[in-house]
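Enquirer: So you can see what is in the structure, the chains are spelled out below.
There are 2 protein chains.
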Amino acid sequence: MKQPVDLKPFFEPRGVAIVGASRTPGFGYGIPITLIQKGWADRLYLVNAVGGTLHDMPVFKSIFEVPDPVDLAVVILPAPAVPDVLAHIGKRGIKHVIIESAGFAEVGDGGRLLQEQATGIAAARGLRIIGPNCLGVINNDNGFTTIETLEESHTPGSTAIIAQSGAFGNVLLDSLPQRGLLISKAITLGNRMGIDECDALEYLRTDPPTRAIMMYLEGAADGTGLRKSLERVTREKPVIILKSGRTAAGGSATASHTGSMSGDDKLYEALFAQTGAIRAASIDELIDLARVFSTQPMPQGNSLGIVTTSGSVGALTTDVAVTSGLAVPPLSQSTVKRLKAEAPPWMNVRNPLDVGPSGLFAKALSAVLKEPRIDMVLAIPLLPFSVAKLYQRLGFELDKWFGRIASIHADAPEKPLIACAFGHREFLDIMARICGTSVPLLNSPEHAAGALAALWRYSTWKKTRA
Amino acid sequence: MKQPVDLKPFFEPRGVAIVGASRTPGFGYGIPITLIQKGWADRLYLVNAVGGTLHDMPVFKSIFEVPDPVDLAVVILPAPAVPDVLAHIGKRGIKHVIIESAGFAEVGDGGRLLQEQATGIAAARGLRIIGPNCLGVINNDNGFTTIETLEESHTPGSTAIIAQSGAFGNVLLDSLPQRGLLISKAITLGNRMGIDECDALEYLRTDPPTRAIMMYLEGAADGTGLRKSLERVTREKPVIILKSGRTAAGGSATASHTGSMSGDDKLYEALFAQTGAIRAASIDELIDLARVFSTQPMPQGNSLGIVTTSGSVGALTTDVAVTSGLAVPPLSQSTVKRLKAEAPPWMNVRNPLDVGPSGLFAKALSAVLKEPRIDMVLAIPLLPFSVAKLYQRLGFELDKWFGRIASIHADAPEKPLIACAFGHREFLDIMARICGTSVPLLNSPEHAAGALAALWRYSTWKKTRA
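For the record, the sequence lines run as chains A and B. Counting from 1 along the first sequence, just add 801 to a position and that's the residue number in the numbering used here. Counting from 1 along the second sequence, just add 801 to a position and that's the residue number in the numbering used here.
Because the hints were derived from the structure by calculation, they are not lab data. It should be emphasised that the depicted structure is a prediction, and the values quoted were computed from it without experimental measurement. Treat the hints with care, as some may be off.
Note that identical chains are pooled: a pair holds if it fits in a single copy or bridges any two copies.
[What the hints assert, rightly or not] Using 35 Å as the maximum straight-line C-alpha spacing, the simulated DSBU-like pairs for lysine-lysine come out as follows:
#: 1; residue 1: K1190; residue 2: K1141
#: 2; residue 1: K1067; residue 2: K862
#: 3; residue 1: K1190; residue 2: K839
#: 4; residue 1: K1029; residue 2: K1190
#: 5; residue 1: K1190; residue 2: K809
#: 6; residue 1: K839; residue 2: K1067
#: 7; residue 1: K1038; residue 2: K1141
#: 8; residue 1: K1029; residue 2: K1164
#: 9; residue 1: K1190; residue 2: K1201
#: 10; residue 1: K862; residue 2: K1190
#: 11; residue 1: K1138; residue 2: K839
#: 12; residue 1: K862; residue 2: K1164
#: 13; residue 1: K1201; residue 2: K839
#: 14; residue 1: K892; residue 2: K1171
#: 15; residue 1: K1171; residue 2: K896
#: 16; residue 1: K896; residue 2: K1201
#: 17; residue 1: K1164; residue 2: K809
#: 18; residue 1: K1190; residue 2: K892
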């Protein structure tokens, strides 16, 4: 197993050269704009063979003209030009390179040859390389980024992303803030000529703002290395993985995408189970798990309380929870008695607790959350939007109807609390505000119950490794 | 097995009495408003003991005062008042009743007694009853509805909904138009004192606008009856079912919700498989399956073509497709040759087909859809929203970049075509317009591949029964 590479210069460069800065729209045009906007103009050097100016900055005709300090180069040039450029970068004394260019191992024999050539040069010069065929990195701590994304994706959060694919990572990034997920750092690996997911995991393991790591993997660069990295990292932080290539056909598709061999899925299944990594079954579940793991404490037991306004969804959720290894135990007599004193006759005071249109949601949620025998709570505040609009007209805002869920959690912050709602978009927007940032609002009751079960499994696993 | 009840008077009443019309916000206040808005004022009669006027309409003090023709009564009164009112309704000669009131078998012994009493009166008077503990029906053909929902949910469509739970059905209804699903009819069953899912299935079987039926079931009212109904209906129309009560705890939750016994889940699994019903694993999947089954033709084989801009998502989707029983075969030589002539060197012309940022999405989609060896196509047009915004600024609208997907389908309407996109909301809104109503745009690639596999399995099943 190789020594992990320190990724600090990729995320906190002292100076960065954009080799292939360009007047034509594309990465070479856009990345400098983003870096200037993020306050990096004083540490940014643009390079292309033509020279002149771009975005009101001088363009250096050669990497050799770029002044110190500069410890990172971002290469955005056609693949055939990359080997020579790498040699120049190495000669200039820059040791860290992000190669965004595509056209290497993922396109077949010609590209593979080119990649081997580049790998040889990198080895000879002692270069550390992210890519090729990637988008590079984001560091929301200091605003450094080689990924053009929406401004809202640069709000600092507590989830780090490791993505093998650039495009997929970028589509995700653009939409995560709308799902309530904010990121600390992101790294896209591409063809993994040098830096791989093990390096990324080790770096993020000690990254202070990163509380949970989500990873999209097509195949391991080094199975033994991945096992060792996961074993080290999951003791400290949860790692949630979406792995494609489960089937031969899917595997063959990844080979032509990032040149990865995806391997036997059963081996990965075992690897993830043995190392305490959390496997997501879908993109949506990956996001939902990351939201829960990056915000919620570890549960002290597997007893789930469910509070809802819909008996149907309460039943569906109970099914998923129990199937996933959680218990949905009865409420204590004192809680039942207290709630019954206020409940209308049609309301069944039990767990799952369907309060229907009683208006008791907030009280019930608070009571269940404080129950000593309950270790975690799922709140499912559902209301037809037509009814919500009527309530609003009558002066009943939803934060009165359902309570300020974020504040309710503040009374028992040591227990995981997740909310789940689906329905009309406007209803969901209001509910997201009521839940705040400390209570993730998921849209799928099945994912919500599954995420709490995953949280419980991970907490158990972590205890055995402590 | 009992004879199915004709539900026509519930969906097309000649006249309807609202027993429990009310000046207090709630169903008794809102349902009349909705019916007046939908043009039913001339066939609507409001009844409560106080009389007077409501919504500028006279209120009859007794059901006996309501003039003919009236063949449906909607009861919105506290549970204890219901048995007597049922007797009056029967005496008045009205045979069809929707009881919206809760507080019957679902709340325990007292309610169960009340429900038995009501059942006895209904039997003596020959009444047909939907409910209690339900919201009644929607008929988007004639605008008749006893469910208050958003105006947009009344746009006529081709999916019918059978829901055991009122509140859940209503939350769904409010949000389905935003998911691109329009409904023909809806019926919520509640405690099923009289009308059950078999009656509903039989009625919808011959309902012309209904192309697919989606059903939320907590437990069968009559297992043998459900088997016979499903066998008859699925020969003609797909029935997609979400069934809760998989576990004992979930089952106990449904008992206290609509008084249902959910039964052994393995029996249901077998029942659905043997009758060709399609089982959804989650609420989201229920909706996605309904969208696909209500709009797409039956595939002639199991060969899937995948066209995408993301190699990762292409690989993930191939996994799900192959695991679900579909083939993702190579493209024909002539198609490969034709696409290669235009493709940039980095593009792998294969299936799944990742066109990356080549701009060839529309051409590729059209070519794959027309491939004789391809039976159905999944289009996955992904683009980071930041890039989409840049394209728009440069004058490249997304319908140029990805093609007008609805029009592309029009060239090969005999093959199922589904689109899948996720990411930023604004991007999804634009893509929904590009896909139109004939190509469902799903947000989960896993659901999209799974839905096509379900379509294939159903088409095979249907052939064996023809």
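Enquirer: Each hint should be assessed against the structure and marked as holding or not.
Expert: Verification of the supplied hints:
1. K1190 with K1141: within (29 Å within a copy, 54 Å between copies)
2. K1067 with K862: Intra 51 Å, inter 71 Å, cutoff 35 Å: neither.
3. K1190 with K839: between (41 Å within a copy, 19 Å between copies)
4. K1029 with K1190: neither (54 Å within a copy, 42 Å between copies)
5. K1190 with K809: Close across copies (32 Å), not inside one copy (51 Å); limit 35 Å.
6. K839 with K1067: Neither, since 44 Å and 57 Å both go past 35 Å.
7. K1038 with K1141: Close neither inside one copy (41 Å) nor across copies (46 Å); limit 35 Å.
8. K1029 with K1164: neither (47 Å within a copy, 46 Å between copies)
9. K1190 with K1201: within (14 Å within a copy, 38 Å between copies)
10. K862 with K1190: This pair counts as between: shortest inter-copy Cα distance 31 Å, intra-copy 62 Å.
11. K1138 with K839: neither (57 Å within a copy, 45 Å between copies)
12. K862 with K1164: neither (68 Å within a copy, 39 Å between copies)
13. K1201 with K839: between (40 Å within a copy, 32 Å between copies)
14. K892 with K1171: neither (64 Å within a copy, 53 Å between copies)
15. K1171 with K896: neither (55 Å within a copy, 50 Å between copies)
16. K896 with K1201: neither (58 Å within a copy, 42 Å between copies)
17. K1164 with K809: Result: close neither inside a copy nor across copies, 48 Å intra and 43 Å inter.
18. K1190 with K892: Answer is neither; intra-copy 67 Å and inter-copy 39 Å both fail.
In summary, the structure is inconsistent with hints 2, 4, 6, 7, 8, 11, 12, 14, 15, 16, 17 and 18 from the numbered list given earlier, while agreeing with the others.
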